[in-house]
Every structure is written in C-alpha cells, then in structure tokens.
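Q: Given the structure of chain A, go ahead and fit chain B onto it with the hints provided.
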Amino acid sequence: LILMSQETPLQDPLRFHRKAPPCAVVIYGANGDLTKRKLMPALYRLAYEGRLAPGFAVVGVSRTAMTDDEFRDRMKDSVRKFLEDSPFDEDLWHSFAQGISYVAGDVGDPASFGEVAKHLACVEQTHKTEDNVLFYLSTQPSQYAEIAEGLAGAGLNKGKGWRRIVIEKPFGHDLDSARALQSRLQKCFNENEIYRIDHYLGKETVQNIMAFRFGNGIFEPLWNRTYIDHVQITAAESIGVEGRGAYYQEAGALRDMIQNHLLQVMATVAMEPASSFTSDAVRDERAKLLRAIRIMRPDQVADNAVAGQYGPGRSGSEHVGGFLQEKGVSPDSQTNTYAAVTFLVDNWRWAGVPFYIRTGKALPKRVSEIAIQFRVAPLAMFRKATAGAETVPNMLILRIQPEEGISLKFVSKRPGSGMQLRPVSMDFNYGSSFGERSPSAYETLLLDAISGDATLYTRQDMVEASWTAVQPIMDYWATQKFNFPNYAAGTWGPKEADEMLARWGHTWRKP
Amino acid sequence: MPTAEAIKPDKILKELGELWTNIGKPESSEEESLDGGVLRACAMTLISFVDDEEDAAALSETLASLMKEHPSRAVVVRVKEGEDALSARVFAQCWMPFGHRRQICCEQVEITASIDRLADVAAIVGPLAVPDLPRVILLRSARVVRAGAIRKILPLGDKIVVDSARPGAPGFGELGGLLDAGHIAGDLAWTRITETRSLLAQVLEGSKSATISVEYDGKEAGPETRYLHAWLESSLPDTRVTLKGSGSAGPGKPCTVRVDTDLTVQLTKGCAEIERGDVRQWANLPVGTDEELLNAELSIVVHDRIFERVLNQITA
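Respectively, the protein sequence lines represent chains A and B. Everything in the first sequence is counted per our numbering, starting at 8 for the first residue and increasing by one. Everything in the second sequence is counted per our numbering, starting at 32 for the first residue and increasing by one.
Okay, chain B solo, but in the shape it has when bound:
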C-alpha cells in the first residue's frame, strides 16, 4: 500500500490516463473493426465522504446508478478511525448499454484516510477535480461531522449534499452554517418531500386556507415533516400552519395534511388519498429511492432559494 508521501495528485491523474488508454484498447481485431471501444463521459466531480465501515458494494452500486444520469469523476474518501492511514487507488466503472456496441466508462478514485489526515485529503482531492465542471460533495460520513472536520473539506465542493434523516448526519444547524458561509447545500430529506409538495401545490392552488395541520406518525417530527411544515408556513404567511404528532411510535414522517375542515390529504407509501367534501380521489406519489433522490439533487448545482428560505425559517 503506498505511503502518505507517495500519494500525489499528478500520479493519480497519470494512473487515470493510463487506465483510459488500457480500457480503450480493443480486445480483438473484430472489436476494432466495429468501431467499438469505450465512451468516456464526465459531467461533474462527485466527492463522497463515507465511513470506512459503510458497505463498499452498496456504495459502489449507488455510484454506478448515479453515473448513468450524472457521469462523473467519482472520488470516494473512506474515513477510518484510529491509526494514521492514507492510500489511494484508481479504477473505472463501465457498462454496456443494451443494444449498443460501445461501453461507457466513468473513472473512480478511492482514497482511504484516517480522520487526522483529512487536511492531506483536501490537498489531494482538490487537484483531482475535473476543471470547469461542478464539484459536488456527498457527505455520508458521521465521523467527519462528529470530528468537526467538515470545515476542512467544504472548500472542495460547489455543493454539499447530506441526508439529515440519516443517523449521525449534519442537522439543521450545520446546514444553516453552510448557507451562511455561502455554500450551496442540499438535503435528501428535503428532496424526499418534493412529490408531496408538488401534489399539495396542485390541490391548494388558487384556494385561500385559514388553517393547515401537518400530522406525522410518532412523538417527534422528523426532518421531512419539519421541512413540510416550514415550507407551508413560509409560503402561506396568512395561513396558520400547525404540527401534530400521532403520539404513538413512528419515524416522525408526515402522514396527513388537513386544510381547514373540507380537505384532507392522506399520504401513504406511493399514493395520496385526497378527500374534498364527498369526493375522494387518488394520486400516484412516487417514492424515490436514495439513488433517485441523489439523481435529483445532483441535477441542481445552483442555489435553491426555496430550500434556503425554508431552512432559514427552521433555524431562525
């Protein structure tokens, strides 16, 4: 395994170059004559910070699914506890789209580092970013957040994506701090309620409501519920928006939205039931997988003013 001194961005970039030369070589004369080979695609640099214990296969699968929509140079930083460690390797992820004769490949750099080497990691990862394209940090490492090392890695990205519903993830306070520092931030807990918000926007369009009650399952409102409540509250200043828990055990996710006395929207998995007077209607409410949520979030690399307004409302 290389030592810390051996890891230089130039060396990694050279290895990436060699990797492309090798995977671009046709394996047979037949393949050469078919004008096959690989197609290199890159739309951003995606830098993921994960704890070393996180399932490598699951992460790899997530990144592979992201590559199809957001081909990128992926840099995965696996953060370890304990002894001084820093190593790096490069490899490519390729797939052959159905019916095509050319593979599409994206490059990956995997860096393993102990928490006290994050400053070195920043010095390595910075030059690895693809010029002129967005740099997005996916922060899944609770260790980085706990150790307060977040400030070392923030300058690496144009946008930082977290999931505040994950255990150990940065909370609203840290997210607010990112906004205050001028960063673009994204939270998958916010992305998770996009379809619900879109449906509510449609059913509430043109109506003036006096009260809206957001009900959730559980004793404490989870981040999705708090976002939904704050969004309604900040969007409809003349409406009284309240929060109400079921009191029973539950993850704190939104389950019912009651508007005045005549409209109820029940949110169940994959479906919403809308009851307005004696008319009952159903609407499909697609449930995004983590990959789909990330895909949506990676599509937005500008300040999301509505998200920022809602987050400010929560942290105020």
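This is chain A alone, in the form it adopts within the complex:
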C-alpha cells in the first residue's frame, strides 16, 4: 500500500470513481443496432459522469460510406433516442463528439485494415491516446476471426500501448466451432487481450449475488447440499421472437440463453468463494463450477432436458401468433423457443442438488430470477395448528429483472391466540433501497474492458465448459422429431417441463 501511494500520490480510492485511461475505442459494425442502442449511449454516459480520459476517442468502422460529421450526427440521434435515465447535454455532446471519427471499410478487404491503422496514427497524434486501443466487434459472429486476422495483418494487434479485442456472444455455435474460433483468435491476440462479453454478468443484480454470498457471513454456511433442496433459475420473456424469427431459428433458446447467460448465472450462484476479488481468481472459480457440471449421457437427456416451441395463444388480452407463423420461420421448424434443463453439479458442496434452468419466449411475464429452495425444518412441531403452513420451505429469491432485489420467504406466527403460522416475505428492493441510478451493463463492461478488468468477462475455458455441458443435449435433440408447437403462448411452457421436476418431487415456481 505504501508503495502504491508513492507511485500514485494523488489517487484517492475512497472518493474517486474509477476512470478510463486514455484510449481509442474502434467499433467494427459501427452502423449497426448494438452500436446505436447500447455502445454509444453507454460511452456518452461514461463521458457524462466524467469517467473518460480527456484523451479518449471513438473510431467507427463499417461498410457504409460516411463522413465524420455524418457519423457523428447519426450517433447523436442514437444517443438522444436510446439514452436511459439521463439527460442529453448539448455542450457535453459537443466535446464528446470531438473524439468521434469514422472510417469506411469492408472487413473482407485487407486494405481496409491499413486505412484503420493510418487513421489510428492520426488519432494518437491529435488525442494523445497513448496508443491504447480497444477493438469492439459489433458485427456478425462469423466475421470475428476474419477481423482479428485483418487487425493482426495490419500490425494493429500490437503497439506501444495496450491492445484488446471485445467480442459478443455467441462464441461459436457448438463446442467444435467455439474451439475453431478460439484457435484463430489466439493466433492474433493473447487470451488476456480477448474480452468475451456476456452482458448478463454486467447486470448490477448479478454482481450483487457475489456481494450477497461473500460479503455477508450468515448465508454461506447454509449454501450447500445440507440446507438447500434445489435451485431454480428462470429467464422468461413475455414476447415472442418479434420479427427475428430467421435469426432465432438458427439459435434457439438453449444456445441463445442457457449455454451462455444462464450457465454463467448458475456458476455465480454455485461457485466457491474466490481467494480475492481479482479477475483470474473469480473466473477460476466460475470455470471450476462449470467444469463440475455432470455431463449427460444420451440416454439421460430425455429425462433431464425439455425442448418447447410456442404455438398461438394469448399474451394478456392480446392474441399472439405461434413461432411457426413468424416471418422467416420455416413451417416445419424444429427450433426450441423454450428449454428447461436439470443440471447436477459433481462436487462436495452440491452433490445431489438439482439446478433447474428454464428459459423461453412467449411466457406469461418477463422475469429473470434465481429461486433457492431450502429444506424444510426437520421436525413439524406445529403441525396440528398450521394446516401444513410450516411445511412450506424457506425460499430465497434473487430477482434479476424487472424489480431487482432479494426476498426471503419464511413462516411467522399469525397475531392472536393459538399457534397459527403463515408464510410471509421479507423483501429487499435493490432499486428503491438505493436511489442511485445503476449503470447499464454496457457501461460497466465497457469501463471494465478499457480499464483492463476482465472479472465480468468470459474466459475461453468457461466457454468450452458451457458448451461441453449443453452439447449432449443439442446432439440428442438433433436426432429427434419434436411434435411442435407444444405450449401455447402466454403459458409457462410444455407439460414435459413440469413432469421433469415432478420426477424429483418438485414443482416450478410461478414467479
């Protein structure tokens, strides 16, 4: 500590917010939806909070021919439109926009990377970015390797400052393709320079799981097979695929949600405490947990994984068409819009505790949560006067969205004579207990990447462990002919998912 304070005598960790070092962020796919809706508003918000260094620059790259001014105007419109919970400040935009520039180029053309290199040299002169560059690939996943190779070909993967590359999921479409992608990426960038973004991990409430588990002394002793009966992780969408049928048809719920977001959430819920809150220590524990997931044999898949696809139904008072009626969807599509899986973790802490994960489109409500069900009290001493209330198990609900927070369900005596018990809920509401605006996941993750903190990013061994866990399910489902649709829009999924839990003596919670 003494050494640190001598090296940075002006730092004040108690009061200063973390600030990004000088750098240029180069966004490939700068004219795309993600840049407009998420990346640029997040960068603007970081500027609004004074988190960006004076020497900060954004370079947009895409195929569309545009001048710097045209690109700035487009980005200004996007920031105005998609900025959440924040005012738009014209003066701030003026100063922020001075760091924005644009290069038109096709990633299929090797010369375009040379143009970017020349442009970055100018940016370094005018903005003093210390030659630090973050490449953000907001493009089709099929272009990731090609862009990384193009950057390396132009010598952009090395410099006087640091170089990092951010890629969005999916990281491959199965285990083999994930490995193939990695083998091409690692020829261009070191593993510690590759940032695989999973925006779920950037959510405040997902990060709060770690604070809840490891910042408090009272929960961790209960956090094991002795006290926990089972865990349910739900990520439900009330809407269907909404015009993205063609894309979704290639992905499906298992690939789109469970393989990445929800297995990462499960790892955060179930991992061992890290020895320190440092990037590799935390990711090592997550990776260990993912590797401890029991791999299903083909004959076990039918009992432990359920695929679903929604048919016509109702969302509230509105009629909703089925997945097969979506534009761009093949009439005999076998794509799963719902997936539920029972995972078991083979380690001492969790042996025999089922982790049920489900996700789906066109379910009754939009909700993401983790429900931890504890074992019931060993002796029902109030049985006669409770009409079974005391056999209601304690539940801890970690709500990720929409109303982030934590609830603990327990039984309490009803006021009055006798010993009548009833279940009650003790709530902690994250949003209302802290009136502070929570940063968006992209603000958090962008600042992390610029600052070189990969704690909330996925490492290749975690990617491979996740694919390994779901690959037998994908392989088995690929051999099946499903009788889709098998659940109506606006319901909680196919009955087979209920039967899967019933085999364990459990039922799905209705969030």
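Think of the hints as simulated: they come from the structure by calculation, not from any bench. Bear in mind the structure is a predicted one, so any value in this text is a computation, not a measurement. We put the CB at the ideal spot given by N, CA and C, even for glycine. Check before you lean on any hint, since a few could be wrong.
[Said to hold, decoys possible] Covered stretches of chain B (in silico footprint by chain A; criterion: 3 or more residues with CB under 8 Å from a CB of chain A, positions within the stretch not fixed):
#1 157-169
#2 223-229
#3 313-325
[Claimed, not checked] Here are a few chain A residues that face chain B, going by a calculated C-beta distance under 8 Å:
#4 Arg22
#5 Gly62
#6 Ser102
#7 Ala187
#8 Ser190
#9 Met433
[Unchecked claim] In silico EDC-like cross-links for lysine to aspartate or glutamate, where the CA-CA straight-line distance does not exceed 20 Å:
#10 B:Lys99 / A:Asp92
#11 B:Lys300 / A:Glu97
#12 A:Lys176 / A:Glu244
#13 B:Lys239 / A:Asp19
#14 B:Lys99 / A:Asp96
#15 A:Lys167 / B:Asp248
#16 B:Lys99 / A:Glu410
#17 A:Lys135 / B:Glu141
#18 B:Lys99 / A:Asp434
#19 A:Lys135 / B:Glu251
#20 B:Lys300 / A:Glu211
#21 B:Lys239 / A:Glu137
A: Relative to chain A, chain B alone:
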C-alpha cells in the same frame, strides 16, 4: 405544543411505532390484495442542526432527496434564538418509485429548541438514534457554532458534516479541533473539489512537476482553493505549489491550475479545458448539487485519511 417535561425519547419512539402501523395499513381491499403497503428503509440516523429561519421546505426537499440513497431516521433540530422552547413532532416521508406498487417511507422527528436547551436536545436525540447504524450530524446551524454549543452535540454523532464555504459555518480551526478529538469529520467544500482532484490526478499521473500554481478568482482564497492547494502540496512534496489570486472580485474558487510551463487546466463550470503543448482537450467536470455532495459525504462513515492529512496541513 408539548412542554419540555413532556418530551421523552420513549414517547417519540412510541409515536414513531404508531406512525408505521398507520401508514402500513392498506387504504382499500384492492391495495391489500396487491401485497402493497410500505417498505421501511433505514441505513443510518441523520441528525441535522439548522437555524430556525432556514427554509423548512428547502430543507425537507434536501432530506427527501438524501433518503433515496441513504434511507435514514432523520432528526431535524431547529435551533431558535430567544425564549425557552423545546418541542417535538414525528412524521413520515414517503414516495412511490416509478413503476412500483409499494411506497418507501422514512421517518422524521423534528425538534425545535432554543439554544439554551441544547443539553436537553442531546438527552432526547441520543436514545432516538437507530441502534447499530451510523449516526451522522449535519451541522448547518451558525447559531450552534456561534454559541459554542457544538461540544454538547458532538457526542451524538459518529461523523460531523459541515460546509465551511457557508456563511457562519465552522472554519478550519473548528474542523481541526474535531479531528483532534477523534471525530470523523466531513466538509462539503472538500467534497466539492473531488471531481477536480480526480481529473488532476489523471492528467498528472506519472509526471514529475517542478512547480504548480493554483489560481483563484478573487482576492482571498476560499476553502475549496485552500483545500486544493494543500492537497497538491501534501501529495507532491517535491513540487513547489503556489497560490495566486486574480485580484478582482470573486468568490475565491479555483479557476486555473498551471503545471510547469507546458500544462494548463482551466476549470469552468461543468467542464475543464486541458492545454498541453499544442493539444487542447476537454473533460466533463460534473458540478455536484448540495444534495449530491451530501450523498457522497454520507457514503463515507470512516476516517478519510487524505482529507485529514490535508486539513492538518492547513491548520498546522
């Protein structure tokens, strides 16, 4: 209005309990079925000493905005001149967050007391503090400072927050006295320059400077300027740090920091212009409102060693 004898902490606590029972009752059967009601939140006891003349509505607004980030049991002591007076009332401040169906409420106790009853106030306020949570005193009453009654109220708090830039507020001498007595102290004048310090820390990182000049508008350096100067001086012992006023009229706030001959940081409202050689850059410099500064200060209920070092440098 109750007499002094009638004001007992137990009675106030009982009234607070009744208040929660009443506001927790659903107003309709529909509300009951929605599992609505209120959410009670408390992270600290915030004890504010203000002069009776201070705008009650403005103070209430400030406290309400603090409650969202620092839900607390708020005790407001309004200090009056003149005749013997001591009274108390309790009420709740509630708000319904957008999109939620449950109100969040914080409790408030308002005590009005003449300056010579501050000893009684201490006896009342002490037991009202929420156990096991930090107790923070916000000292805005110039009257309390003038009357030298500050020592009576200090034992009530874990931390005392002042704004030395406010007229009649405790100065560096009194703040130094708080530190010497082992208290945790906070000064909003110090909090006000956090963003400026953070920016300077970033632009000066890794560089070795021979001289730094802190320039201010006005003839006399205000508390923010003096803090900035003392911070640089105490952090960079090998650098000569000087103070320079513009000589014209002004509030004495820092306006320019010159580092050797090649770096100038101009501080304007909301923005800083950084000139280094022929490169000119801008950085957003958020200006904190009083509520935002208080929010920041209430988040720190431990000794702030850097602030204490800087204050000691000024008072030495």
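Q: All hints are to be evaluated individually against the structure, with a verdict given for each.
A: Here is how each hint holds up against the structure:
1. With 0 residues having a Cβ less than 8 Å from any Cβ of chain A, the segment 157-169 of chain B misses the three-residue criterion, and the hint is violated.
2. As drawn, the segment 223-229 of chain B meets chain A at 4 residues by the rule of a beta-carbon pair under 8 Å; at three or more, the given contact holds.
3. With 5 residues carrying a beta carbon less than 8 Å from a beta carbon of chain A, the segment 313-325 of chain B meets the three-residue requirement, and the given coverage holds.
4. This hint holds: A:Arg22 has a C-beta 5 Å from the nearest C-beta of chain B, less than the 8 Å allowed.
5. For A:Gly62, the shortest C-beta to C-beta distance to chain B is roughly 6 Å, which falls under 8 Å, so the interface hint holds.
6. Given hint, A:Ser102 at the interface with chain B, holds; its Cβ is 4 Å from that chain's nearest Cβ, closer than 8 Å.
7. Proximity of A:Ala187 to chain B is violated relative to the hint, the smallest CB-CB distance being about 41 Å (cut-off 8 Å).
8. The beta carbon of A:Ser190 comes no nearer than 38 Å to any beta carbon in chain B, farther than 8 Å, and the hint placing it at the interface is violated.
9. Proximity of A:Met433 to chain B is violated relative to the hint, the smallest CB-CB distance being about 11 Å (cut-off 8 Å).
10. Annotation: proposed proximity of B:Lys99 to A:Asp92 holds, straight-line Cα distance about 15 Å (limit 20 Å).
11. Among the hinted pairs, B:Lys300 with A:Glu97 is consistent with the structure: their alpha-carbon atoms are about 15 Å apart, no more than 20 Å.
12. A C-alpha spacing of about 19 Å is found between A:Lys176 and A:Glu244, which places the hinted pair at or below 20 Å, so the restraint holds.
13. For the given pair, B:Lys239 sits about 18 Å from A:Asp19 by alpha-carbon distance, which is consistent with the 20 Å threshold.
14. For the hint pairing B:Lys99 with A:Asp96, the CA-to-CA distance comes to about 24 Å; that exceeds 20 Å, so the pair is violated.
15. With a CA separation close to 41 Å, the supplied pair A:Lys167 and B:Asp248 exceeds the 20 Å bound.
16. Under the criterion of a C-alpha separation no larger than 20 Å, the hint pairing B:Lys99 with A:Glu410 is consistent with the structure, at around 16 Å.
17. A hinted pair counts as satisfied when its Cα atoms are at most 20 Å apart, and A:Lys135 with B:Glu141 does not qualify at roughly 55 Å.
18. A distance of roughly 17 Å separates the Cα atoms of B:Lys99 and A:Asp434; the hinted pair therefore holds under the 20 Å criterion.
19. At roughly 36 Å between alpha-carbon atoms, A:Lys135 and B:Glu251 are farther apart than 20 Å, so this suggested pair is violated.
20. The suggested pairing of B:Lys300 with A:Glu211 is violated, with an alpha-carbon distance near 31 Å, which exceeds 20 Å.
21. Distance hint between B:Lys239 and A:Glu137 is fulfilled; the C-alpha atoms sit about 18 Å from each other, no more than 20 Å.
Of the numbered hints given earlier, the model fails hints 1, 7, 8, 9, 14, 15, 17, 19 and 20; all others are met.
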